[in-house]
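Student: Going down the list, the protein sequences come from chains F, A and H.
For the record, in the first sequence the residue sitting at position 106 is 106 according to the UniProt record's numbering, with numbers rising by one throughout.
For the record, in the second sequence the residue sitting at position 122 is 122 according to the UniProt record's numbering, with numbers rising by one throughout.
For the record, in the third sequence the residue sitting at position 308 is 308 according to the UniProt record's numbering, with numbers rising by one throughout.
None of these hints come from the bench; they were simulated from the model.
Just so you know, not all the hints are guaranteed correct.
Distance condition first, Cα-Cα at most 30 Å in a straight line; then the derived DSSO-like pairs of lysine-lysine [stated by the list, open to error]: (1) F:Lys256 with A:Lys195; (2) H:Lys145 with H:Lys187; (3) F:Lys256 with H:Lys187.
Taking beta-carbon pairs under 10 Å as the criterion, some of the chain A residues facing chain F (in silico) [unchecked claim]: (4) Val16; (5) Phe264; (6) Val266.
Cβ atoms here follow ideal geometry from the backbone N, Cα and C, with glycine treated the same way.
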Amino acid sequence: MAGSWSRFNIISLTLGFAFLYIPIVLLVIYSFNESRLVTVWGGFSFKWYGAMLNNSALMSAAWVTARVALISATLATILGTMAAVALTRYSQFRGRLLFSGMAVAPLVMPEVITGLSLLLLFVAVGLDRGFTTIMLAHTTFAMCYVAVVVQSRLVTFDRSLEEAAMDLGATPARAFFQVTLPVIAPAVIAGWMLAFTLSLDDLVIASFTSGPGATTLPMKIYSQVRLGVTPEINAISTVLIGIVTVGVLAASLFNKRRALRERQG
Amino acid sequence: MSRPSPSLLSRVVIWVPYLWLLALFLAPFFIVFKISLSQTAIAMPPYTPTFGLSEGWEGLKNAFNSLSFDNYLWVFGDPLYVKAYLSSLKFAAISTVLALLIGYPLAYGMTRAPENLRTIFLMMVILPFWTSFLIRIYAWVAILKPEGLLNQFLLSLGIIKQPLIILNTDLAIYIGIVYSYLPFMVLPLYAALEKMDHSLVEAAQDLGCTPIKAFWKVTFPLSLPGVLAGSMLVFIPAVGEFVVPDLLGGSSTLMIGKTLWAEFFVNRDWPVASAVAILLLLILVLPIVYFQRVQAKARESEV
Amino acid sequence: MASLGSIRRDFAPWANPDEKPFIRFENVTKSFGSQTTAVDDLTLSIYEREFFVLLGPSGCGKTTLLRMLGGFEQPTSGRVLLDGQDLSGVPPYRRPVNMMFQSYALFPHMSVEKNIAFGLKQEGMPKAQIGERVQRMLKLVKLEKYASRKPHQLSGGQRQRVALARALAKRPKVLLLDEPLGALDKKLREETQFELMDLQQELGLTFVIVTHDQDEAMTMADRIAVMDAGKVLQVATPAEIYEAPNSRFVAEFIGNINIFDGQIVEKTGSAARIRDKSGTEFQIALGSNAQADGSAGLAVRPEKLQITRERPADAVNAIDGEVWDIAYMGDLTLYNLKLDDGRIIKISTINSRRRVEDALTWHDRAWVSFAPDAGVLLTR
């Protein structure tokens, strides 16, 4: 490659990543701002973190969100992994096309439609809106993300491993739990993490499907943001970004070390 | 692969997630459709008729007789809705092009980087995708405000004399959508470009192409599947986007996601909101089906 | 190796009509979808303690046949019998056969020990017994020191041996091996061939191996089944397959061969005269092809041909041409002789002397000649 090309590459990388990261970095910096005005630097301070912790409405919303995310991510991982196995392993069953369509469509479906349709379903069947309905809604769209992640791993999974297990006397169920699942575990864990953060982040679907008494953190943040930018929101945002960043980096480091170990062999 | 007979295990594996999706993804659309044919009522739920299975066959028949297309006529009759659909499509389309213009050089630059840097760059693209959408949009509010960081910066440099008005304009919406959906554009592009054999470009140059010509004749055509996948992943959800126009757009900004939200939460007109949703879905059916076919093809070629 | 040879010389259960086959494929057909037939109405018998090789080009159905024995595919029609028992509908995890997979299929998350113990655990063997059996297996494949390693920490040859130990641990009645040496380099492959043969003798097991490598098949097999397009073309010992192929496909698939196409013009007792396209006549012993008639091919291996500057005075069959190519291989020299009608004849000669006076060189005229019993007559 000629020199001008690599210079072009470096410039496009720099600009691209600057665009992606400057807003986040500024948000984090200003969460440590002493001043109440979000855009004027008034010195370094942790005071908004204290304010955040004392804001009981914010904290209870965070607690609701954490529980919803934990349960729905776990359910979504189970269902999504099953869907991925069904779609990669069984090439012929009735309604497979519909199934694979439904497993991909939520990825691109505008959230307002998903939210509205789920709400109307819950109303139609007479389910009280609240914690349970948010959890069901999140499980439904998150399981499709899990299915996609696990499916892409299963496609490259060497089927003869499973056959070998069965050849050695393992029933199909045992072969799955003793061989397939441990091998695809990194993808399943990644799927769980994705489902967890999707649930943690969701505003639109939660707004539609929640009821009185179940306010999630994004809903709380949204209602405060509409009233104006406050440093407290910067603080809680920074905490959320921190959790996700540490989680994602830890997972990728773990995977990298694993891959490195395997290459060394 | 033919198997003796579907075991209990395989039935469970197929039918549990299948039924879940049928019940919680597909069935709701039929309910949305049904309610879009109902009348608004001041009640809870705020529409009539409500399907009462308790009234038996007669009740069902009455319910069907009172279904009407009034809500659709209403949506079509009001230029506000039509404009909202059209401007949503415009916002989504222009944002998709902008995301492609920013995302392609980024993805290309990533694939050309040394291998050890490549995984780090990939991580850096994925990371924002994991962080909250709402928070990332919120971050822009502080930057784009008239007294915000961007204006402070530009004023202090003396580039501008008066603060730029960006927040609550169309420009802010473009920035917001491109920013939020850029990872969706970059990842498929990167995947397509990364698996490309670099010796193809070298062969083209060996046969007399300049680097730029080799790019347009070889690299770009081969990356088209990635371009399509990325564009679909940006375009489809952007059409129905709510958070970006709500937080960054002005009160006069029309986007259908916002309209639907207002119809539902502010006007509490569920039947009209449902009609708006059904029409939005109809607009998106073609791109969604197309996207699924592209995905299915890509998966088959991997196998 | 001498003792092994002597055991093998007497081992020919297929020649004994009273011997009962251990594995039997009866009119087995396997179709995938409506178009592809991987195995086509195939009947085949394999005997106990036999080292049986399925040989053929890729896509000939040999792996499908093996997988049907393992239980991973079900025949579309026909039956597979093991020791007289019909295997139809018996899932892989209930069959007394074990398979060594082409990719080895070692469980990456388990140590060597755990891999070998996997099958024993499935059948609920007591722990102490499992440990003992695993130790014996590790010793058998000389991997005692590697018991706690993970598969990715092993070399290709070691992985192959783990896969073998794992498949043998359950003491299967039959061991199935799918291209067992395909992933090894040439030198290791040759060593391992002999190891496998010794092991099979030692354990007294029936081995069924799939390979596309003819050298491998020739070295190891008691009998070879040559397959093409879902059918078995010939089942015979390696020597028979090489010296008396029953068809053009078998002749050409194994080793090099020259085929003179022509018409049988005269048959006298056990010999025939065949006239090829250019009008040259050859004499040929009929052998097992006594009923041959009409058009036929005369097949002669390159090493059964002599190449000389002049026509040998006593030559029964001879034809002349121009030396077109010479490849010096060290132990052998290969010549390509171009006949006047354009056909190329391959000849190989052993370089038993270091220097040859007046050696043939490019564009020399030369004669090839061969004895009547040097070739075989092919009618299909």
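Student: Each hint needs a verdict: does it hold in this structure or not?
Tutor: Structure-based check of all given hints:
1. Taken as a hint, the Lys256 of chain F and Lys195 of chain A pair is honoured in the structure, with Cα atoms around 20 Å apart against an allowance of 30 Å.
2. Our distance criterion of 30 Å between C-alpha atoms is met by Lys145 of chain H and Lys187 of chain H, whose separation comes to about 23 Å.
3. Of the pairs offered as hints, the one joining Lys256 of chain F and Lys187 of chain H is violated, with about 35 Å between alpha carbons and a cut-off of 30 Å exceeded.
4. About 6 Å separates the beta-carbon of Val16 of chain A from the nearest beta-carbon of chain F, less than 10 Å, and the hint is met.
5. Given hint, Phe264 of chain A at the interface with chain F, holds; its Cβ is 6 Å from that chain's nearest Cβ, closer than 10 Å.
6. Checking Val266 of chain A against chain F by beta carbon gives a least distance of about 13 Å; that is not within 10 Å, so the hint is violated.
The structure fails hints 3, 6 (numbered hints given earlier, in ascending order).
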